[in-house]
Amino acid sequence: MMGIYGLYETPQAAQRAFEGLRAAGVVASDITVMSSEPLEEWEFASHDRTTVMPWIAVMGAALGLTAAYLLTAITQRAWPINTGGMPIVSNWTNIIIMFELTMLGAVLATVLTLLMTARLPSKLSSMYDPAISNGRILIGVSRPQDAGLDRIERALKAADAEKLCRIP
Amino acid sequence: MADRVASDLLRPVFQTTGRFYVLIAVLSGIVLCGLGAWGYQIYYGFGVTGYNWPVYWAFHETNFVFWIGISHAGTLISAILRLVNATWRRPVTRCAEVITAFALMIGAMFPLIHLGRPWLAFFLIPYPSERGIWPNYRSPLVWDFFAINTYLLSSVLFLALPMIPDFALIRDRATGWRRKIYKALSLGWQGTPRQWHRLESAMHIMALVILPIAVSVHTIVSFDFSMAVVPMWHSTIFGPYFVAGAIFSGIAALIVVMALLRKALHLESYLLPLHFQNLGKLLLLMSLLWGYFVFSERLTTWYGNSPHEMSVFWSTQTGAYSPLFWTMVLCNFVIPFPLLAIRRLRSITTAVVASCCVVTGMWLERFLIIVPSLARKSTSYSWGSYTPEWPEIVIMIASFATMALLYALVSKLVPIISIWELKTGEHPRLKAPASVPEAEAAGEIL
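Protein chains in written order, with my numbering: chain A, 1 to 168; chain B, 169 to 614.
None of these hints come from the bench; they were simulated from the model. Hints may be right or wrong, so weigh each one.
[Stated by the list, open to error] Cut-off 30 angstroms, straight-line C-alpha distance, at most; resulting in silico cross-link-like pairs (DSSO-like, lysine-lysine):
#: 1; chain 1: A; residue 1: K157; chain 2: A; residue 2: K123
#: 2; chain 1: A; residue 1: K163; chain 2: B; residue 2: K431
#: 3; chain 1: B; residue 1: K580; chain 2: B; residue 2: K351
#: 4; chain 1: A; residue 1: K123; chain 2: B; residue 2: K351
#: 5; chain 1: B; residue 1: K431; chain 2: B; residue 2: K449
#: 6; chain 1: B; residue 1: K580; chain 2: A; residue 2: K163
#: 7; chain 1: B; residue 1: K348; chain 2: B; residue 2: K545
#: 8; chain 1: B; residue 1: K580; chain 2: B; residue 2: K431
#: 9; chain 1: B; residue 1: K431; chain 2: A; residue 2: K123
#: 10; chain 1: A; residue 1: K123; chain 2: B; residue 2: K348
#: 11; chain 1: A; residue 1: K163; chain 2: A; residue 2: K123
[As the list claims (entries may be wrong)] Calculated from the model, a selection of chain A residues having no Cβ within reach of chain B, i.e. all distances over 10 angstroms:
#: 12; residue: V33
#: 13; residue: M59
#: 14; residue: V111
#: 15; residue: A118
#: 16; residue: A158
#: 17; residue: E162
#: 18; residue: L164
Virtual Cβ for every residue (Gly too), placed ideally from N, Cα, C.
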């Protein structure tokens, strides 16, 4: 079996289903949750919150700064222009290019980290139900063990699932 | 409730009225006229415009600075409101961010339009070439290239990322070709806690990063002028003066756009008087700040009494450009101040009237910064004047039509109010007040 899920109208019902699944012996990381809005104040949607995104943004910024320094300093030496006795590498003006590319590095690193860690783009999971877009909350378990299937189904039903679905 | 929000905000995406097609046809016609005028200018050369020695920067540069300023409506305001977690921002942010993306694109076109041979614009891009030349990093125009492109790319990403969940909403409701397009655009979004958390983290980081970028962009645009030893340009105040002016005109443009959207798309339940009131107060603050900068700049020039600067100064105070100067003061300060400051006068209509005045006044301000200084440079034998010809005027009108056209098209493709952010705001803990008195009680009024 690929999975089993229930659809819930309210976060309260989804929370009850989540707690029911935990009581049925399913670990939190095996429970699939999908919703059309962030519900981070609820326990069922609050796991998986550790991210290194800010640090990767800082690294992206450092990379942008380095690239900008190399771009400006190396090319000003490679294509020197007559500066009338002023320095060939003019760091005061190069700071502006460095600043912009530092920020660009941070932005691009953030977006790339988002795409990679949120696993985008990807194919829609077989558990996905379009009713989620109508405000329903999906709570389910993918690839449950046959032995515990009945307990999982009972837990999902007990929380007033609006719809219960088994994916063969 | 969630269904009502989604169906209200997705209605413009799925339903198209005849009026929409008429609007698109009219706007496209104006844009085509602008393209024709640009083609005419390219074919016959700059002799067909009002550009003449010594005024080689005029209408196109005014439009460039004006549109880059307008771009500060969106991403900057959205980022600030996101960082301070102002719950009332939710219906406003996307309206604002769309302005940024399009205003930047339109603004960035004007340096190209100003080039006699726009197909050589790639000379500004740093890449090793057989010409053996390289962009000069000492030039403020190269700084512009980096700053505007960084801001444009960041703003487009800042706008596009929160659209992904809304694309998924449309994907699940659409059929046929529309479903295929939105399926691709939604990137397989499913709304798992991991995806929501990463999206919100990314938006928070980007909001932090975009703030200094936005400030830098208009500072660098001001450097196009202040780095030159031209009377009334070579000023240390220009950076913050331009940034304040940009935010000022940006907020005004946002209020006008929000009022038009509210009426055209029937968004009265989402774009509330509270939003206009809060943005009106920001506009009032910026009007005061703008007045302060103008006074500081003018007083310093007058007190210095340098002959070259005084010549430009008097040409704007009492000379040929004085009607434009005093109209600018009227539009940017005298009219908006009472409309926005007096509580009894505050309404959506007065906010829109004040904003229209500010948009006009800020365009005049850009013109008055650029043209009088060039017309009266240091030596009196090089004095001249500038009167626009029809190509510049048509191109300017077409730039406004381009903005309206792009905005109308995007409002057909995506919900102009972020549905998931609005729904998040409907949680009891995060609910934005619906009315002005309720907002005052909740401390949500600025």
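Do the hints match the structure? See the list:
1. About 28 angstroms separates the Cα atoms of A/K157 and A/K123, which keeps this hinted pair within 30 angstroms; it holds.
2. A C-alpha spacing of about 39 angstroms is found between A/K163 and B/K431, which places the hinted pair above 30 angstroms, so the restraint is violated.
3. For the given pair, B/K580 sits about 17 angstroms from B/K351 by alpha-carbon distance, which is consistent with the 30 angstroms threshold.
4. Taking the CA atoms of A/K123 and B/K351, the gap is about 10 angstroms. The hint holds against a cut of 30 angstroms.
5. Simply put, B/K431 and B/K449 have alpha-carbon atoms about 22 angstroms apart, close enough for the 30 angstroms limit, and the pair holds.
6. Taking the CA atoms of B/K580 and A/K163, the gap is about 33 angstroms. The hint is violated against a cut of 30 angstroms.
7. Our distance criterion of 30 angstroms between C-alpha atoms is broken by B/K348 and B/K545, whose separation comes to about 59 angstroms.
8. The hinted pair formed by B/K580 and B/K431 meets the criterion: a straight-line CA distance of about 15 angstroms does not exceed 30 angstroms.
9. For the given pair, B/K431 sits about 39 angstroms from A/K123 by alpha-carbon distance, which is inconsistent with the 30 angstroms threshold.
10. About 13 angstroms separates the Cα atoms of A/K123 and B/K348, which keeps this hinted pair within 30 angstroms; it holds.
11. Distance restraint check for A/K163 and A/K123: the Cα-Cα separation of roughly 23 angstroms lies within the 30 angstroms cut-off, and the hinted pair is therefore satisfied.
12. Distance check for A/V33 against chain B: the nearest CB is about 5 angstroms away, which does not clear 10 angstroms, and the non-interface claim fails.
13. The claim that A/M59 lies off the interface holds: its Cβ sits roughly 12 angstroms from the closest Cβ of chain B, which is beyond the 10 angstroms cut-off.
14. Against the 10 angstroms criterion, A/V111 falls within the reach of chain B, whose nearest CB is about 5 angstroms from its own CB.
15. At roughly 4 angstroms, the least C-beta separation between A/A118 and chain B is not larger than 10 angstroms, which violates its mark as non-interface.
16. For A/A158, the non-interface assignment is confirmed: its Cβ lies about 22 angstroms from the closest Cβ of chain B, beyond the 10 angstroms cut-off.
17. Against the 10 angstroms criterion, A/E162 stays outside the reach of chain B, whose nearest CB is about 13 angstroms from its own CB.
18. The claim that A/L164 lies off the interface holds: its Cβ sits roughly 19 angstroms from the closest Cβ of chain B, which is beyond the 10 angstroms cut-off.
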